[in-house]
Amino acid sequence: MKNQQTIEKQAPVNGRVRVDWKEKGSEVVSRYGIFLIFLGMVALMSILTPHFFTYFNLINVVRQVSFIGIVAMGVTFVIITKGIDLSSGSVIALVSVMAASFAQGGHSLVVPILIGLGIGALTGLINGTIATKGMIPPFIATLGMMTAARGMALLYSNGRPIGNLTDSFLFMGSGDLLGLPFPIIMFLVMGLISHLLLNNTKFGKSTYAIGGNEQAARICGINVDRHLILVYTYAGFLTGIAALMLTARISAGQPSMGVMYELDAIAAAVIGGTSLTGGIGTIPGTMIGALIIGVLNNGLDLMNVSSYWQQILKGIIIVTAVLIDSRKNRKS
Amino acid sequence: MGEEILLEMKDISKEFPGVKALDKIQLTVKKGTVHALMGENGAGKSTLMKILFGIYSGSGTISFKGEELKLSGPKDALKKGISMIHQELNPIPEMTVAENIFLGREPVYGKTGWVNKKKLVQQTAELFETLNIPIDPTTKMKDLTIASMQMVEIAMAVSHSADLIIMDEPTSAITDKEVKYLFEIIRSLKSKGVAIIYISHKMDEVFRICDEITVLRDGQYIGTKRTDELDHDSLTQMMVGREIKQVFHKEPAEIKEVILSVKNLSKEGKFKNISFEVRKGEILGIAGLMGAGRTEVIESIFGVDPPTSGEIYLCGKPIKIKHPSDAIRHKIGLLTEDRKLTGAFLPLSVKENMIMSGMNKFLNFGFVNGGKVKQSCVSMVEKLNIKTPNLNKLIMNLSGGNQQKVLLARWLLNDPDLLILDEPTRGVDVGAKAEIHKLMCKLAQEGKAIIMISSEMPEILGMSDRILVMHEGHFKGELSREEANQERILQIAFQ
Ligand SMILES: Nc1ncnc2c1ncn2[C@@H]1O[C@H](COP(=O)(O)OP(=O)(O)OP(=O)(O)O)[C@@H](O)[C@H]1O
Ligand SMILES: [Mg+2]
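Protein sequences appear in the order of chains A and B.
When we follow UniProt numbering, the leftmost residue of the first sequence carries the number 1, and every step to the right adds one.
When we follow UniProt numbering, the leftmost residue of the second sequence carries the number 1, and every step to the right adds one.
Hints in this document: simulated from the structure, not taken from any laboratory.
Among the hints, a few may not be true.
[Unchecked claim] Some but not every residue of chain A turned toward chain B, in silico, with C-beta under 7 Å:
#  : residue
1  : G33
2  : F35
3  : L197
4  : N200
5  : T201
6  : K202
7  : G212
8  : A216
9  : R218
10 : C220
11 : I280
12 : T282
13 : P284
14 : G315
[Stated by the list, open to error] Derived contacts from chain A toward chain B, CB cut-off under 7 Å, selection only:
#  : residue
15 : P50
16 : I219
17 : H227
Don't be surprised by glycine CBs; every beta carbon is placed ideally from N, CA and C.
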């Protein structure tokens with residue numbers, strides 16, 4: 001093959017939009033690009049602020065990222081099916097207060113954990129059922145859950161934090177295991193499980209299939225509705241895990257917890273290469289996406305950049321990620 | 001027929017990652033002529049046309065109407081007088097036919113920018129009238145059959161009043177009747193001095209309508225000849241580079257007991273009282289015009305859209321098929337008619353596309369066994385001669401005909417007892433078509449049953465043991481292989 005460098009011109013055939021980009025290297029970039037950007041950011045932050053590249057700070061960043069990261073894994077599944085989940089932030093709050101109320105002593109650790117995971121999964125189950133059986137767009141179905149779950153959290157806790165949690169419960173937020181904070185361990189473990197699930201099982205392949213072409217998936221014998229319900233349930237389950245750890249981390253069940261987390265989770269997935277057009281996305285990508293958000297927040301914090309600027313920068317990064325993604329998609 | 005040169009493409013090259021799709025291609029088209037572009041699947045026909053239409057850029061020079069052509073995109077191409085019918089249809093499903101046709105150039109009230117809907121519909125109706133297309137401009141695109149969508153795309157391309165119209169497999173989804181209309185349209189365009197580049201795998205069409213033929217093979221330019229200098233065999237030889245038997249002749253298989261029988265199947269507004277049976281070892285053809293309801297019947301048997309009444313028996317036992325998964329469990333397979341809408345998972349790889357309907361047999365303790373998958377997929381790629389650099393290539397980057405083969409492979413991997421094929425060789429080249437026909441016969445000889453819908457008369461007549469003729473949602477009659485011919489089929493359809 002000759003190595004001739006051409007400028008690709010691509011446009012959808014109806015001629016509405018058109019974009020130019022260099023093809024050469026695009027394969028490398030589209031495959032490892034996000035990882036390279038992440039490394040670049042880490043390098044940049046290390047140069048800009050001496051406090052960034054220390055063991056203590058890096059561990060801190062990853063721990064902060066773990067919560068959002070785990071939520072984002074579930075969101076990745078959902079977005080791959082062409083869906084969306086806006087309820088994660090509120091579900092975190094609901095799980096937080098309910099689990100906390102059973103973690104105040106007198107109960108064994110198993111009870112709040114089961115309650116937390118159960119509530120998380122149940123909200124997902126409801127999301128999925130409403131979206132599929134009710135034939136309501138996931139955007140609306142999960143928007144409803146977002147509002148309702150927040151309300152339930154406030155109602156259940158009377159709007160007040162629920163403290164006095166048992167030590168064993170608090171371990172999930174502040175404990176160390178094998179020399180690493182427990183949330184980080186869970187981030188890695190759930191990352192591995194989710195990755196294997198998505199890439200190496202029938203469940204995962206079906207998830208891609210539904211996002212790639214729902215009609216074709218049905219004809220291939222996939223029970224689309226049931227599958228989508230399971231996907232939302234898994235997302236809720238992961239949200240439950242994040243919520244338990246977050247509650248333990250701040251030592252209280254908080255009805256105001258997790259505000260805007262759904263957007264951070266979606267952002268992590270999208271920055272990590274998950275495409276809103278469906279059928280495209282990976283768990284490692286999402287984990288990197290979450291880390292990018294974390295590094296950005298932390299680095300800017302260390303540099304004393306105002307949080308207003310941080311929000312603006314985050315917005316720019318998200319839009320850029322989607323822009324890159326939509327360019328890639330126009331390849332077809 | 002003019003001698004004036006309209007288009008000259010010189011030394012066109014194009015590379016995709018891992019593939020040299022075009023290598024110094026020439027193409028010269030004269031004014032007022034129909035120029036065929038021929039070649040096997042993946043030869044580079046569509047790619048060359050996409051360059052001409054401004055979708056891709058490649059190296060080389062193009063001169064059009066005596067001037068060098070530099071395009072910034074498809075819009076520019078339309079402005080300069082080139083329009084194109086794409087191999088893969090691109091309808092906007094939720095919009096009406098009229099809105100689709102005049103997308104981006106709707107008639108408006110004065111300078112307000114407010115769309116004049118009445119005029120829009122009227123203009124579309126007029127266009128359809130001159131082209132003899134019986135479609136209501138106000139229907140939504142998603143409610144049309146693919147054949148109708150194809151006619152709409154043709155109308156759309158014609159409506160730009162271009163000097164050159166590219167037609168990339170315009171007839172792969174339509175029946176003889178519409179082909180006739182299309183040819184009338186082409187003849188009248190020709191008489192107005194419009195040139196047409198015509199891509200098709202159907203040789204008889206090419207010989208009927210084209211003046212000149214340019215042949216590509218594996219991205220190489222092979223040559224250009226006048227149609228009267230060529231015949232089926234010499235053209236095939238040019239395309240394939242070796243001698244091949246271009247038509248496969250059916251080999252007899254032993255026809256055994258009934259495997260599937262259908263009794264009084266009905267679906268409101270689609271079809272009524274459909275009864276038939278198919279036997280092991282048999283190839284049952286279903287013929288009919290566009291909109292006859294053939295696809296609806298088989299999709300409803302397969303559980304895509306279950307029937308409202310009627311019974312289905314498998315090997316004599318009544319079965320209920322409520323979902324395609326039930327059908328697959330009963331070892332039935334369905335290759336659907338529309339590759340893009342109901343077939344391919346475009347963002348996924350060739351491999352994933354192949355295994356999606358039969359994943360269970362690739363599972364080890366719940367995990368997909370990569371080695372097993374690879375082995376099966378490689379054997380399919382070889383068996384069907386699928387042109388792809390590797391199994392991880394996205395299916396959307398394969399040529400149309402090769403996509404079709406991947407989807408066929410998907411069902412073959414399931415080893416079904418009954419295989420339903422809806423337009424199995426749509427967009428597939430001569431050589432591969434013969435291969436697929438051979439494969440169908442082999443399956444029949446192994447005792448499998450095949451139901452085949454085809455809009456191509458030679459395919460229906462050549463492959464079927466028995467032919468059912470359908471018209472407007474009813475079975476009109478049945479012909480045995482011996483008594484069937486084109487006239488009788490049409491006669492039965494219209495009686
Ligand atoms: N966007 C793309 N990215 C990568 N490879 C591509 C792309 N488009 C086409 N190809 C490759 O270029 C070659 C030529 O494809 P093309 O679609 O032009 O074939 P074709 O002659 O139109 O075939 P068919 O008769 O099957 O439609 C094929 O090998 C195909 O896989
Ligand atoms: Mg093509």
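Item to check | Interface hint outcome for A/G33 [beta carbon to chain B under 7 Å] | outcome: Constraint on A/G33 not satisfied, violated at 15 Å.
Checklist entry - Hint check: is the beta carbon of A/K202 less than 7 Å from a beta carbon of chain B? => result Since chain B brings a Cβ to about 5 Å from A/K202, closer than 7 Å, the hint holds.
Checklist entry - Can the hint on A/N200 be confirmed by a CB-to-CB distance to chain B that is less than 7 Å? => result holds (5 Å)
Next on the checklist: Under 7 Å is the threshold here; is the Cβ of A/H227 close enough to any Cβ of chain B for the hint to stand?
Outcome noted: violated (11 Å)
Item to check | Restraint check, 7 Å cut-off on beta carbons, for A/C220 near chain B | outcome: holds (4 Å)
Item to check | Interface restraint verdict for A/T201 against chain B (beta-carbon cut-off 7 Å) | outcome: holds (6 Å)
Checklist entry - Hint check: is the beta carbon of A/A216 less than 7 Å from a beta carbon of chain B? => result This interface hint holds because 5 Å falls under the 7 Å limit.
Checklist entry - Under the criterion of a CB-CB separation shorter than 7 Å, is A/I280 in contact with chain B as hinted? => result holds (5 Å)
Checklist entry - Regarding the hint that A/P50 lies at the interface with chain B, is the smallest CB-CB distance below 7 Å? => result violated (42 Å)
Item to check | Status of the hint placing A/I219 at chain B (closest C-beta pair under 7 Å) | outcome: With a minimum Cβ separation of about 5 Å from chain B (threshold 7 Å), the hint on A/I219 holds.
Next on the checklist: Holds or violated: the hint that A/T282 contacts chain B, with Cβ atoms closer than 7 Å.
Outcome noted: violated (13 Å)
Next on the checklist: Next item in the hint list is A/L197. Is there a CB on chain B closer than 7 Å to its CB?
Outcome noted: violated (10 Å)
Hints 1, 2, 3, 12, 13, 14, 15, 17 from the list above are not met by this structure, while the remaining hints are.
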